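Trainee: Those letters in the sequence shown? Residues 1 to 208, by full-length UniProt numbering.
If you're looking for bench data, these hints aren't it; they were derived computationally from the structure.
Any given hint could be a false lead.
To be verified - The following label-pair restraints were derived from C-beta to C-beta distances: (1) G186 <-> E143: 35 to 45 angstroms; (2) L177 <-> A135: 19 to 29 angstroms; (3) G85 <-> A3: 45 to 55 angstroms.
Owing to the predicted nature of the structure, the values given are computational and were not obtained by experimental measurement.
Beta carbons are placed, not taken as given, at the ideal position from N, Cα and C, and that holds for glycine.
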Amino acid sequence: MLADEFAFAPVTDTGIVFDGKVWDVRRDTFDYAGSGIVREYLDHPGAVAILALDDQDRVLLIKQYRHPVRVRDWELPAGLLDEDGEHPLIGAQRELAEEADVTAADWNVLSEFYTSPGGSNEVIRIYLARGLAAATDVFERTEEEADIEIRWVPLDECVDGVLSRRMQNPSLVIGALAAHASRARGWSSLAPAETPWPRHPINWDHSV
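Produce the entire structure from the sequences given, and follow the hints as far as they go.
Mentor: As structure tokens, this is what we get:
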């Protein structure tokens, strides 16, 4: 069975070369294959995304402005894990309520991925949320979230949009395809919501 493997190259020097508002740029010097290598990368707190699926197999999508790519793209509700000590599941539940005014009774891990493993340590966990209900508290959204558009879209239509390249947000692409494949297998690929997350840098076991 193919699987990624942890490989912790010895880091001989590390430091923040850019201290940003949301994330930093880190420079590491490490030994690998007999060479001393220097690499700079985005040092990221990680994030969660939520594929909320109702009892009609519709996915909750939001449209939001993303300035770096100058697009209002269709996305899954998502957010940074930038609150110290917050469990990813709690973060996902918070983001679903804040961005879409929705709660869910049933949660599973659907997928996980690195956004750009050659240039960032960002990892995203996608949860499947079911048993949906309207949140009792409605959050006031500001900045890019102020004009979020919410739409319920059949899962198959989401997949069509991904395969035709009309929707390109990575969490939506991976989440929709993973949900489509998992549903075809009776959801047998889902993992419990509390599943450990060793790929997140905060959980790295350097003895592996």
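Trainee: Honestly, which of those hints from before does the structure not fit?
Mentor: 3
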